[in-house]
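**Q** The chain contents come next:
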Amino acid sequence: MLDRLFWLAVVVCVIAQFFILRAVLLPEPAPPAGSPAETGRAAGRLRSPSRPLEIAWAVLPAVGLVLLFAWAWELRHPALPSPVLPVTSSAQVPA
Amino acid sequence: MTGVPLEPAAATRPSVDRPAPSLSRDLIALTKPRIISLLLVTTAAPMYAAGSPSLALVALVMLGGYLMAGGANAVNMYLDRDIDDVMARTRLRPIPSGRMTPQQVLAFGVACALAATWMLARYVNVLTAALALAGFYFYVFIYTRWLKRSSPQNIVIGGAAGAFPPLVGWAAVTGSLDIVAITLFLIVFYWTPPHFWALALLKQVDYSRAGVPMAPLIWGERETMHQMLWYTLILLVLTALPWWVGAFGLVYLISAIVLGLLLLGGVVQMLRAARAGTPWTGPAWSVYKYSLLYLALLFVAMAVDRALGA
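Top to bottom, those sequences are chains A and B.
Numbering follows this note's numbering, in which position 74 of the first sequence is assigned residue number 122; successive positions increment by one, without gaps.
Numbering follows this note's numbering, in which position 85 of the second sequence is assigned residue number 114; successive positions increment by one, without gaps.
Everything labelled a hint here was simulated from the structure, so no lab data went into it.
Note that beta-carbon positions come from the ideal geometry of N, C-alpha and C, so glycine has one too.
Be aware that a few hints might be false.
Just a few of them, taken from the derived set where beta-carbon distance is under 8 Å, the chain A residues facing chain B [said to hold, decoys possible]: (1) 50; (2) 54; (3) 57; (4) 61; (5) 71; (6) 79; (7) 84; (8) 85; (9) 94; (10) 102; (11) 105; (12) 109; (13) 112; (14) 116; (15) 119.
Next up, chain A with everything else stripped away, as it sits in the complex (with noise of 0.2 Å):
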């Protein structure tokens, strides 16, 4: 139950972080007559973004999200412990 909740939150994040991700690589739209923005572009006052620092901007949250998920899920499912290999003696002593 807890696992599939775990896995619902991932899909939600994923479709979000898309969405977000796409609203970067979409061109601009353009803005209404007589909008404040505008009059700002028009102005020379807003300039468009740079679009390869704009997609790193939203692709930067989505890791750290990717990160926290995989260190949330570690924490609950931790690795089992390797198995202890028997040591012969011949190995503990220096020849």
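Fit chain B to the known structure of chain A by using the hints.
**A** Below, chain B without anything else, positioned relative to chain A:
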């Protein structure tokens, strides 16, 4: 600070209907006390969630946190003095109104940050001081200096500065950071866009006049509202993670779900109003104001949950 005259300069603008300016009032205004009050909640609550701190430790961290955040806000006002003068909501700040010189404000901000660093490192621990100072640098250089005027995601990445207080509070009690502390950091990080974009939607004229490329001016109003929705969804999920890893109990989980659904409902209501072509400014104000309450109550719920479970 020595040699820096702190007498307020003569006002260059006509007085408005508000309390008479004084140096102490201006110095407090430089720290943006209303904003800091929320930061202090997100510092103090994690302290109680992390352990059982003494009142003296909480008081020290609060004072250090106030000085560090206040210093960052003062330096922000120094760096933004050109655009503060053209925005209606910032025009009455001490620098644009002529009551203080930029040098005085910068000196005050740096002095606050230095005092906070020394105090936290000396009386709490070095990690706490380093985290608080990292928040200061992030706010001043990454947000104010770099991203604020160059990216519509300025408050997304720059918002990380406001996410340092939970780390500070946690580190003050435990001397280290763990997954719960990092989750609290990300909770504040993902809370910031829906909170600030609600305000940005309402203050587009100001931001356009100042040339600050806030999301509604670059992506448009509708896309910004959609983005608020996506960030709120991730926020909802993130707030459940501390419960999932066993850090908090049902009191916290139920609080987080109820508070989160109310925030999500507000964003959806605003989006629906915009889609229907009806006024959305009312719902946007509601989202902005409720988001402040949301974060405070969420963090209080963490402390209450731990207190009840202890």
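**Q** Quick one, is the residue 119 of chain A hint okay against chain B at 8 Å, beta carbons?
**A** Interface hint status for residue 119 of chain A: holds (5 Å vs cutoff 8 Å).
**Q** Can residue 57 of chain A be said to touch chain B, with a Cβ gap under 8 Å?
**A** The hint holds - residue 57 of chain A has a Cβ within 8 Å of chain B, the shortest such distance being about 4 Å.
**Q** Per the CB criterion, is residue 61 of chain A less than 8 Å away from chain B?
**A** holds, 5 Å
**Q** Regarding the hint that residue 71 of chain A lies at the interface with chain B, is the smallest CB-CB distance below 8 Å?
**A** With Cβ-Cβ at 6 Å, under 8 Å, it holds.
**Q** Is the interface hint satisfied for residue 116 of chain A? The criterion is a beta-carbon contact with chain B at less than 8 Å.
**A** Holds. Min distance 6 Å.
**Q** Would the stated hint for residue 85 of chain A survive a check requiring a Cβ distance to chain B of less than 8 Å?
**A** Because about 4 Å separates residue 85 of chain A from the closest Cβ in chain B, which is inside the 8 Å limit, the hint holds.
**Q** Please verify that hint: residue 109 of chain A, Cβ, nearest Cβ of chain B, below 8 Å or not.
**A** holds, 7 Å
**Q** Would you settle whether the hint for residue 84 of chain A is holds or violated, based on the nearest Cβ-Cβ distance to chain B being less than 8 Å?
**A** holds, 4 Å
**Q** Measuring from the C-beta of residue 102 of chain A to each C-beta in chain B, is the shortest one below 8 Å?
**A** Holds: closest Cβ of chain B sits about 6 Å from residue 102 of chain A, inside 8 Å.
**Q** Does the nearest C-beta of chain B fall within a distance shorter than 8 Å of the C-beta of residue 94 of chain A?
**A** holds, 5 Å
**Q** Let me know if the C-beta of residue 112 of chain A comes in closer than 8 Å to any C-beta of chain B, holds or violated.
**A** Where the cut-off is 8 Å and the nearest Cβ of chain B is about 6 Å from residue 112 of chain A, the hint holds.
**Q** Interface hint check: residue 50 of chain A, Cβ to nearest Cβ on chain B, cutoff 8 Å. Holds or violated?
**A** holds, 7 Å
In summary, this structure violates none of the numbered hints.
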